[in-house]
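**Student:** One line per chain: the protein sequences are D and S, in this order.
Quick note, the first sequence lines up with residues 2 to 91 if you use our numbering.
Quick note, the second sequence lines up with residues 148 to 458 if you use our numbering.
These are computed hints drawn from the structure, not numbers from a lab.
Among the hints, a few may not be true.
Here are the simulated DSS-like cross-link-like pairs (lysine-lysine), alpha carbons at most 27 Å apart as the crow flies [stated by the list, open to error]:
hint: 1; chain 1: S; residue 1: Lys329; chain 2: D; residue 2: Lys41
hint: 2; chain 1: D; residue 1: Lys41; chain 2: S; residue 2: Lys456
hint: 3; chain 1: D; residue 1: Lys63; chain 2: S; residue 2: Lys404
hint: 4; chain 1: S; residue 1: Lys330; chain 2: D; residue 2: Lys63
hint: 5; chain 1: S; residue 1: Lys330; chain 2: D; residue 2: Lys58
hint: 6; chain 1: S; residue 1: Lys330; chain 2: D; residue 2: Lys41
hint: 7; chain 1: S; residue 1: Lys269; chain 2: S; residue 2: Lys171
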Amino acid sequence: MIEKEFIIKNETGLHARSAAMLIKTAGSFTSDVSIIRDDKTGNAKSLLSVLALGIFKGARIKIQVSGPDEVAALYKIGKLIENNFSEEEE
Amino acid sequence: MSSIPIDHLIQALDLNVIYEGKAKSVDIGTSDINRPGLQFAGFFDYFAKDRIQVIGKVEMTYLDSMDPAIRAERLDHFIGSGIPCLIISRNMDIPQYLLDSARKFGCPILRSKKVTTKLIHKLISYLDSELAPRITRHGVLVDVYGVGILLMGESGIGKSETALELIKRGHRLVADDAVEIKKVAENRLIGDSPELIRHFMEVRGIGIIDIKAMYGVGAVINSKAIDIVVYLEFWDNNKEYDRLGLHDEYTEILGVKLPKIDLPVRPGRNLAIIVEVAVRNWRLRHMGYNAAQELDNRLNSLIQSSDDKQD
Numbered sequence: 002m003i004e005k006e007f008i009i010k011n012e013t014g015l016h017a018r019s020a021a022m023l024i025k026t027a028g029s030f031t032s033d034v035s036i037i038r039d040d041k042t043g044n045a046k047s048l049l050s051v052l053a054l055g056i057f058k059g060a061r062i063k064i065q066v067s068g069p070d071e072v073a074a075l076y077k078i079g080k081l082i083e084n085n086f087s088e089e090e091e
Numbered sequence: 148m149s150s151i152p153i154d155h156l157i158q159a160l161d162l163n164v165i166y167e168g169k170a171k172s173v174d175i176g177t178s179d180i181n182r183p184g185l186q187f188a189g190f191f192d193y194f195a196k197d198r199i200q201v202i203g204k205v206e207m208t209y210l211d212s213m214d215p216a217i218r219a220e221r222l223d224h225f226i227g228s229g230i231p232c233l234i235i236s237r238n239m240d241i242p243q244y245l246l247d248s249a250r251k252f253g254c255p256i257l258r259s260k261k262v263t264t265k266l267i268h269k270l271i272s273y274l275d276s277e278l279a280p281r282i283t284r285h286g287v288l289v290d291v292y293g294v295g296i297l298l299m300g301e302s303g304i305g306k307s308e309t310a311l312e313l314i315k316r317g318h319r320l321v322a323d324d325a326v327e328i329k330k331v332a333e334n335r336l337i338g339d340s341p342e343l344i345r346h347f348m349e350v351r352g353i354g355i356i357d358i359k360a361m362y363g364v365g366a367v368i369n370s371k372a373i374d375i376v377v378y379l380e381f382w383d384n385n386k387e388y389d390r391l392g393l394h395d396e397y398t399e400i401l402g403v404k405l406p407k408i409d410l411p412v413r414p415g416r417n418l419a420i421i422v423e424v425a426v427r428n429w430r431l432r433h434m435g436y437n438a439a440q441e442l443d444n445r446l447n448s449l450i451q452s453s454d455d456k457q458d
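Let the sequences and hints guide you as you build the complete structure.
**Tutor:** See the structure below:
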């Protein structure tokens with residue numbers, strides 16, 4: 002299992018559309034992906050469970066990945082978060 | 148040790164703040180309460196200073212009757228030992244000496260209108276529920292014939308779809324995707340939904356739907372005790388599924404043993420009906436009737452009577 006901390010920097014936080022992008026990315030890997038905020042854990046492959054965490058701008062989150070393709074998964078998800086879910090490019 | 152924001156405690160029990168103290172939250176590791184009568188009398192052995200302290204009529208009358216010098220010393224010893232907060236019942240007036248001592252150590256003083264026993268009863272049940280161990284699980288919680296069913300299984304196996312069919316058949320949704328589970332007693336788990344996504348559901352290909360708006364208020368319920376765990380899994384030809392139902396399988400959540408049913412998923416298998424049947428069967432067993440056992444008994448008596456004839 003590997004994990005990494007991130008700070009959400011995009012304006013709207015993890016709203017419906019960015020959450021959908023996150024679960025799409027997480028869902029393309031076979032590893033289990035969890036997203037942790039404070040003491041709450043959500044399954045990063047399930048939209049409602051990500052939305053339930055109520056992650057807004059400036060929130061500190063932890064991504065936890067365990068499984069055969071964990072390294073690639075964490076890299077891809079990290080890229081997505083660091084690029085602010087490519088909000089600016091759209 | 149868990150900590151409860153003092154505002155929550157004040158709100159939940161409808162308390163009056165006499166002196167708010169210096170701390171933002173009270174650290175409480177136990178739902179026990181202490182009435183400090185013995186401490187006021189000067190006996191401080193085994194003093195449970197980590198508990199909420201409740202002063203009722205008896206303690207207050209005793210304090211009033213004490214010699215002011217001894218009283219001040221005992222109160223300083225009592226409050227200075229680091230009690231989380233002090234609650235006075237029966238809406239009694241707070242004497243100045245008590246306030247002075249509390250101010251000295253920054254200990255919050257709260258007041259309730261309730262009589263002492265009722266207040267203690269409410270405090271304990273509130274603390275029990277707030278301090279209960281919790282966990283969030285990925286799954287769907289539904290109420291089927293009044294029995295709480297936690298549907299679990301991999302992402303995309305059809306938990307939400309099964310729940311949808313169950314709702315259509317008149318059962319009720321508690322939580323989809325994220326189920327917050329709370330251990331309220333030794334063998335009792337209560338599940339509910341995170342506030343933000345309550346009664347919403349995600350169905351692949353359609354998106355987010357609102358069950359309450361779509362099926363009405365009768366199709367949802369806010370929280371429910373979990374009675375059975377149903378695991379949905381892809382049909383595995385190499386796995387032996389329960390054919391008789393003579394043996395019970397169990398799983399553990401937060402240390403509570405729950406009956407578990409493994410349901411293999413295959414196209415054309417209506418899982419909602421199977422879940423319904425599983426619940427009806429569970430209720431029958433709960434009432435003392437076990438179909439598999441009954442069949443076994445019939446067989447045994449048939450064998451018995453044919454043996455008798457041969458003799």
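**Student:** Each hint should be assessed against the structure and marked as holding or not.
**Tutor:** The hints, checked one at a time:
1. Lys329/S - Lys41/D: This hinted pair holds, its Cα atoms lying about 13 Å apart.
2. Lys41/D - Lys456/S: Given pair Lys41/D, Lys456/S is violated - Cα atoms ~68 Å apart, limit 27 Å.
3. Lys63/D - Lys404/S: 31 Å, violated
4. Lys330/S - Lys63/D: Status holds; Cα separation ~26 Å.
5. Lys330/S - Lys58/D: Not OK: Lys330/S and Lys58/D at ~32 Å, beyond 27 Å, violated.
6. Lys330/S - Lys41/D: Given that 27 Å is the threshold and the Cα spacing comes to 16 Å, the pair holds.
7. Lys269/S - Lys171/S: 22 Å, holds
Going down the numbered hints, you'll see the structure goes against 2, 3, 5, while the others check out.
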